[in-house]
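Student: Listed below, chain by chain, are the residues.
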Amino acid sequence: QTEEASASAAAHYVPLLINTRAVDTRWQGDYAGNLQLGLGYTADDNFMFGQYNGLYEQGTTVIGNLRWQDFSDGNSYWRASVDNLGLDTREGEIAWGRSDKLRLSFGFDSQVQVSNNSGRTPFRGNDSPLGLPENWVAGSTTGDFSQLDASLHRFDQELERDKLTAALAIKLNDQWHFDSSLSYEERQGTSVTAGAMYVDASSGDATLLPMPVDYRTTEFDVGVTYSSGKLNLQGRLDYSDFDNKDSILIWENPYRSRYPDSTGGLGLAPDNDQLQGRITGQYIISPTARLQFDGSYAVANQDQKYLDYSLNPAASISEPLPRDAFDGEAQTGTLNGKLWLRPLKKLDLELFYKARERDYDNPRDGYRYLRGDGSRQPDPALTVYNTSHHVVSQTMGVEGTYRMPLRSRLQVEYAYELVERENTAVEETEEDRITVGYRIQPISNFTARLELLYGNRRADTYNWDQRYYALLDVELINATPDSQRFINHPELSQYYMANRDQEQGKLDLTWLPADNWSLNFNLLARNDDYDKTYTGLRYSYWERYHASASYSPSASFSASIYGGYDRFESEQMGRSFRGGAEKNAFEIYPPLPQASDPDRDWRMDTTDTSLTVGANLLWSITKTIEVEADYSFVDTQSKQDFRSYGAADVSPQNLPSVNTTLHHFQTSGTWHMREDLSLRLDYQYYRYRADDWALQGVRADTIDKVLTLGASNPNEQIHYVGVSAVYRWE
Amino acid sequence: EPGKQKMIRRLARILLCAGCCLAAPLLVAEEPGCLDCHEADDGSSVHTVFNTAHGNLAGGGAAACTSCHGPSEAHDRRGRRNQPDVSFGPKWVSPLEQRNGACQSCHENGAQMLWAGSEHEQENLACADCHQSHQLRDPALDQSTAQAQCTDCHAQVKAQLHLPSRHPIAEGKTACTDCHNPHGSASDASLHQVTLNENCYSCHQEKRGPLLWEHEPVTEDCALCHKPHGSVHGGLLTARGPALCQQCHSAAFHPSVPYGAEGLPSAGGNQNLLGKNCLNCHSQVHGSNHPSGARLTR
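First to last, the sequence lines map onto chains A and B. Counted from 1, the first sequence has number 12 at position 12 by the numbering used here; the numbering is strictly sequential. Counted from 1, the second sequence has number 213 at position 213 by the numbering used here; the numbering is strictly sequential.
Treat the hints with care, since some could be wrong.
Under the rule of at most 30 Å between Cα atoms (straight-line distance), these lysine-lysine pairs were calculated in the DSSO-like manner [what the hints assert, rightly or not]: (1) B/227 <-> A/338; (2) A/506 <-> A/532; (3) B/4 <-> A/163; (4) A/101 <-> A/245; (5) A/245 <-> B/207; (6) A/230 <-> A/163; (7) A/506 <-> B/227; (8) B/207 <-> A/305.
Calculated Cβ distances over 12 Å to all of chain A for the following chain B residues [claimed, not checked]: (9) 15; (10) 176; (11) 259; (12) 298.
Read the hints as simulated data drawn from the structure, not as lab findings. Backbone N, C-alpha and C define an ideal beta-carbon position, used for all residues, glycine too.
The following block holds chain A by itself, in its conformation from the complex (with noise of 0.2 Å):
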């Protein structure tokens, strides 16, 4: 009987929901459809505030929202909708159907995204290939472009993603039911992106250009369902295209140390398309046992015709390319799988199984590469191959749940992870992760739940040379200089599949004080150490809190407020050397001076921390006056500081903190004027500023060997004012 008892507390719990908003039935349920006409007005020009929502621009911008649903007729319905008409984020879609049994729509979907546009650049033109003005001076650095201030000239980093979708449900019987869709996106306008000349990495002329972007994609799906009392399965077929109208992106070189009127080659975003099948579904074995299994199979293909080695004619090219395509083809299979058993009354078991396999299945040739368009196709020795990166990750384990008394659960997983690499230094890591979670319910109105992780991975031998070697043949190592050898060095642990013991807290703490009160107290420690690491990334500490209180005393007010903390630390090391490490794969060499000084090593300690800040209400005043209000603070700070170890010429400076600094308030009133009318005024106020060194002061010649855009940080004060009319019908 004590145990019914139990099993029927357990059965109890109930999650402590939040839910900041209030439920207005009157004025969005009572109405078929509902039309939002107005103005807008946005007082400057921004790049930060109209990031994605459309408002980037100074000026009037027309509000135009639809919301209309008519299921009058028993047998069919119609769905309309139109958000931000006026503006490049508009969207909207129309649907048809017929009860459950059929569902017809098209939609459409604009995208927008604004990035820093303070920059300028002496390039002419929107598309490849990109020109210098006729008086240009070119020179060996920056500062002897003299033509370089009068050719600056501003342009818009903006990006547009126009998509429009069709889509088809269908409901045969009980048992089976089909869907598909069909996609179409196009994604233009400018980036920014660099280009670079240059013999070898220490004479490197480089340019920021902006880029044109002209991407097409389609994407089609189709998927049948079958599902029955103890089996459900469902099978897709999805086909994407991707198309880039520009294989190329061509500029002039603005620099004198290359051939004279020398242009320079990027290759962009190649064609490809990628077919996959994917197969999902659950068995339901007994009513203790149960089989749930995804598993997908794609292949992505890539053959478009490859660019010369050099569009430059002065570049002297003996050697042809290998092939004139890649002809390249991946394969990514994947299978998640999980059993769930029920044993005891009280106790849940799930036995998982993850894999994936990403086969870099393609043809291996040795390249002669020009490294600038500036330069020479180099002796055969420096041939370099395309490597095979094929990846497989397995994780298997098993979860068991505990049900207790006071609604109260232990959890306990152990999982363990094998990856398996080919051409890196370590070509197989394994994992063991245990997981121990305890949730409790001791009164009905508080909830606290701890969760602990330990992980321990494990690297087979660092073999820091592999990735180099796979590269080259060994000939060739042996004849190259080791001034030219951009291997990593020996005692640097790549930390993504470095040892590590990882361990982990959270706590979550939900309290319900009265019936229109919610608190929740959120925490969460984690710390990575790369115990085996001596040169990289070694230790990482991440330490997240966060609060929030909401107060809703009826259907007609709500207020919340939340805060949060993130400060996320990390300590790297590095060694400064010059020269290559080893000369031959099968022989040992004495390390060269610098690679093996370890008062050449140095330290960097990093340290990002954010603060978020937000409150939120909503109130219907009377019947007829609504007003929300949301205004959110973000303060963030990062920090890098350094620490040498002694050789005279390896002293790096702490580099100044980079602070951003964010407040951002939005309301808006509504007054119901009329059962079918009623006005809306919206205002929001963002300040937004930044200070990234790495923009502060830097002008476009300021640096002798990078072309830059001369971009200044953000530095925004917006308001903006919305009046619009929203007309109601039945």
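Place chain B on chain A using the hints.
Tutor: Relative to the frame of chain A, chain B by itself:
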């Protein structure tokens, strides 16, 4: 004779009454009396359901009510005293299994297929905790309100969504449910796609490859360099360059050199620290298909 006729009339009355008594439940079953009490102008949200897809269930009308709430005969007889067979609150709340069962009798496929065993199911969440089937626009399905619905409980994510570098989630252009399936999936973090990378590639197809020169971590796990919910660093990066690159690259010459304040403009301006730092030259950090792009510079 009169006595016989009287007898027949009496018998006919009895049969008529009996017939009516027998037929009455059948009539009730055909047309429950829900709308007799729950009138359209009573100020409640009951009738709003008829402006939604659920209003047409079982032919609409009161039959739509009983499709979710059950026949509810006791409630039909004495509505103030007896609760409907399946009640979602606030006055009466049926057991969780009954409430969710009412929804799952139709919604057991597609995105809801793996609900059993999902995070939300294990937390005893009810469908009606997120969904409002009586509202004209279910806030959980409306992209402009769905984000707030998720962050009410996942409040710590709400803070991340306000960081300087982020996805357009606050603007409703990307929804939490574009990446996560709140009804459960077999993938980590209840992702829609089978892996994190597949999730990212569903919007960023240009990074899918395969490419002649690949950057291994890109093909393995986007989260090695990016934080999807927001970051203090540009590009949703986990750390800023050149430090981020130097966590994995320590080759001879510049990749191994520390870059401190001595490289700021006041001291000359270092090409590996300012501008796009490492990406000033290695701009093709997601991989290159240029035959000369082995170092991800072309």
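Student: If a hint holds in the structure, say so; if it does not, say that too.
Tutor: These are the hints, each one checked on the structure:
1. B/227 <-> A/338: Cα-Cα ~27 Å, so holds.
2. A/506 <-> A/532: holds (26 Å)
3. B/4 <-> A/163: With a Cα-Cα distance of about 84 Å, the restraint between residue 4 of chain B and residue 163 of chain A is violated, given a limit of 30 Å.
4. A/101 <-> A/245: Cα-Cα ~41 Å, so violated.
5. A/245 <-> B/207: holds (15 Å)
6. A/230 <-> A/163: violated (39 Å)
7. A/506 <-> B/227: holds (19 Å)
8. B/207 <-> A/305: It holds: about 18 Å lies between the C-alpha atoms, which stays within 30 Å.
9. 15: The claim holds: residue 15 of chain B sits with its nearest Cβ about 37 Å from chain A, beyond 12 Å.
10. 176: holds (15 Å)
11. 259: violated (7 Å)
12. 298: Check fails; 5 Å does not lie beyond 12 Å.
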